[in-house]
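Visitor: Spelled out from the first residue to the last, the chains are:
Number of protein chains: 2
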Amino acid sequence: MAGVPAIAEAHFRAEAYPWEPRSRPDGFLNLGTAENRLLGDLHAAYRPPPLTDAGTRYAPLYGTALLRERIARHLGGGVCPEDLVVVAGATAALDVIATALCDPGDGIVVPTPYYGAFDTDLAGRSGARLLPAPPDPADGHGLSPAAVRRVLDAARRDGTPVRAVALASPGNPTGTVYPPATLRELARTAAAYDVDLIADEIYAGSVFGPGHFVGLREFAGPRVHTVWGFAKDFALPGLKAGVLHTPDPAVRDAARALAYFAPLSTHTQAVLADLLADPGTVAAFLAENRRRLRASYQAATALLDAHGIPYVPAQAGCSVWADLGAWLPGPDPGFDAERELWRAILDRTRVSILPGEAFHAPRPGWFRVCHTLDAAMVGEALTRLGRFLGTRQKEGLRGAGLHTAGSARPLV
Amino acid sequence: MAGVPAIAEAHFRAEAYPWEPRSRPDGFLNLGTAENRLLGDLHAAYRPPPLTDAGTRYAPLYGTALLRERIARHLGGGVCPEDLVVVAGATAALDVIATALCDPGDGIVVPTPYYGAFDTDLAGRSGARLLPAPPDPADGHGLSPAAVRRVLDAARRDGTPVRAVALASPGNPTGTVYPPATLRELARTAAAYDVDLIADEIYAGSVFGPGHFVGLREFAGPRVHTVWGFAKDFALPGLKAGVLHTPDPAVRDAARALAYFAPLSTHTQAVLADLLADPGTVAAFLAENRRRLRASYQAATALLDAHGIPYVPAQAGCSVWADLGAWLPGPDPGFDAERELWRAILDRTRVSILPGEAFHAPRPGWFRVCHTLDAAMVGEALTRLGRFLGTRQKEGLRGAGLHTAGSARPLV
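For the protein sequence lines, the chains are A and B, in the order given.
For the first sequence, position 3 (counting from the first letter as 1) is numbered 3 according to my numbering, and the numbering increases by one without interruption.
Heads up: take any position in the second sequence, counting from 1, add 412, and you land on my numbering.
What the hints contain is simulated information worked out from the structure, not anything from laboratory work.
Careful: at least some of the hints might be erroneous.
A short, non-exhaustive set of chain B residues, derived as facing chain A with CB atoms under 7 Å [as the list claims (entries may be wrong)]: (1) L451; (2) Y458; (3) A500; (4) L648; (5) L651; (6) K652; (7) A674; (8) H679; (9) T680; (10) R799; (11) G802; (12) T803.
Bear in mind the structure is a predicted one, so any value in this text is a computation, not a measurement.
Just so it is clear, CB atoms sit at the ideal spot from N, CA and C, and this is done for glycine as well.
Chain A with its partners taken away, still in its complex shape (with noise of 0.2 Å):
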């Protein structure tokens, strides 16, 4: 169930035939899928540059010099172009900085919930282990920098070697914008014990809450390696352009050599470099694309709520992580609970949403929802969803503390 062969099987099936009010009302309604579909007007406006010589000459294979300056300033921060590796998609950087740090069977503690396809990305072709790092209850649903020396220690006492920490910052699937003092704590962790830090930040520019995102560079030396991508922030999942930042001189040398087998197109570099060409533009679409995500979130929220399912308050990216574990069978319901659930949601509604085990939730009955689509199917689909858990024996409140229709105020 868990790892991108299920989220991959669950988009292309629900792709291949989607739901139409009119045409398809069978079809299927897929928020399974972490793609901002919210900007496609503002792309259809744009004319990509012709073939030109730059464009469709060989170049450097980590990045055309003028994408890679143009990213750097698109990052801030004092980001230098030199410390930039681009290549074909952040699966592609993740699968990368995993290479150049590990050995195969070298361990990588990723805390959960984390992002399922890192399983793939992170230890597909590196050979890396994943570690997971369950919080406590006492953590909160927050990162948990305690959860990660819990295993770190564990790792020390089985002599399993550990070669870096590796989170998504912004959370997914839980869309949160973690705190400065625990980004500054978990840099401190690493440091303690020796290991590296992969801060996957594809959602740095979708941050619509109140909270200010911060990078994991601010708070570590040259051994934090940062992923970042067009794929959220611009809405260009298919451009397929990953950038992974590495100040530390020996993993560039070594990223730079893997990039080699996994390079990016140069015309779509040189669109990439012409949609970065001005600033202010550049903040102008990336501010619209928040006021966008918000509007988006909170109709989803809105319909969440009506229908009084629980979830995470969210602060950045395309996904609501929400809490059906009240809905689960019987006094201690497991995965299969889970996964009997999410079939019955797909059969019953033709709704795809992702189960938690994909996420490598502490507990079963998690589900990740995906809202930044098109707000007529969003609405569809949780509408029918709220109305086939309603016909569902609810077995007792499990989502306590989260944000529920009638609570003040989000307790997370």
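Chain A is already provided as a structure; the job is to place chain B on it using the hints.
Guide: For chain B alone, kept in the frame of chain A given last:
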């Protein structure tokens, strides 16, 4: 010296400070990179499609259905779109097929001379081992199935597991179009030894000589895996559009899984699907390319002839395989002498050409000379090369059997 680092380093050093007759007469004349720059005017007239949904959204990571359909039609010969895996460049396609076929340590036999980047492309990430198969003098300059059999026999004796035979067809660096009978014999050899075939046919549409190109898949069953791309035939190397054709379902599934790590930008896929939309336009474009390749080859070889530099007559591709063995010092010069000549040419003439050692040439003295570049630059470079060689003592006619000016007919 050998291998990609040298090729890449020479390329970028030369590209960073290119010769220009007026403003930069001390610049480099880069005849080292097999880049077809004869079609820039045709590219510049083309307008790429806008950033539509199809060009920006998630799509199957082994290539969109539309692009695979059009590539299948373009390749012809009953190629099925389902058997195509589109990835981020021919390098990635070679990495994918080697990784899909080989466990680390497995051997891949490669007839020499061969495209030097095979060392990295086929073995760098896969962990496969390349086993060069040098021809006997009796085998001539063409492809030698007998040489392949000698290496396969030796590997059997040593207990080295061999998984495949790999070759570029048409040949690189030689530009040779192999006779169907030779390809058939190679396919029979592979079958007899129970190994797969990897055919790098990236120059399939760049045949300008009288020979008729036939894909290796005409002679072999599901165990021939073909790599093609848009770098040479369409002169779009920066687009990093590589294609793997494999009729073996298990290999195809593995290749699709590996494509996940090196996908091609969907916008670039939209551009390429658009370029392939009308078969008549494609045929005219390719015919014009062949006409320009032939003219470029004839101009370059006329200069080689004028300076008495022998070469293997080419029928395809961007380069000529020239024999400067007569200009190596001493009675029995080694590859150190070749390196010295290479360095002397680069330093004294600023002409960058690649030494045969980078292609695992059977003996020292060969150089690959690319000519599909600005005609004035190629003319200047070959004139400088000819004059420089004229100042050096010729140590005897090592080029016997090759085409030299005055011989009635190329012998090879």
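Visitor: Now, for every hint given, state plainly whether the structure supports it.
Guide: Hints, one by one, checked against the model:
With its C-beta approaching chain A no nearer than about 9 Å, L451 of chain B sits outside the 7 Å limit, and its interface hint is violated. Because the smallest distance between the Cβ of Y458 of chain B and any Cβ of chain A comes to about 6 Å, under 7 Å, the interface hint for this residue holds. Against a cut-off of 7 Å between C-beta atoms, the interface hint on A500 of chain B holds, since the closest Cβ of chain A lies about 4 Å away. A hinted interface residue such as L648 of chain B counts as satisfied when its beta carbon comes closer than 7 Å to some beta carbon of chain A; here the least separation is about 5 Å, so the hint holds.
The closest approach between the C-beta of L651 of chain B and any C-beta of chain A is roughly 5 Å, which is under the 7 Å cut-off, so the hint is satisfied. Hint status for K652 of chain B relative to chain A: holds, with the closest Cβ pair at about 5 Å, below 7 Å. Taking 7 Å as the C-beta cut-off, the interface hint given for A674 of chain B holds, the closest approach to chain A being about 4 Å. Annotation: H679 of chain B was flagged as interfacial toward chain A, and the flag holds, the nearest CB pair being 6 Å apart, inside 7 Å.
At its closest, the beta carbon of T680 of chain B sits 4 Å from a beta carbon of chain A; the interface hint therefore holds under the 7 Å criterion. A hinted interface residue such as R799 of chain B counts as satisfied when its beta carbon comes closer than 7 Å to some beta carbon of chain A; here the least separation is about 29 Å, so the hint is violated. For G802 of chain B, the shortest C-beta to C-beta distance to chain A is roughly 32 Å, which exceeds 7 Å, and the interface hint is violated. Interface restraint check: T803 of chain B against chain A, minimum CB-CB distance 32 Å, threshold 7 Å, status violated.
Checked against the numbered hints listed earlier, the structure breaks hints 1, 10, 11 and 12; every other hint is satisfied.
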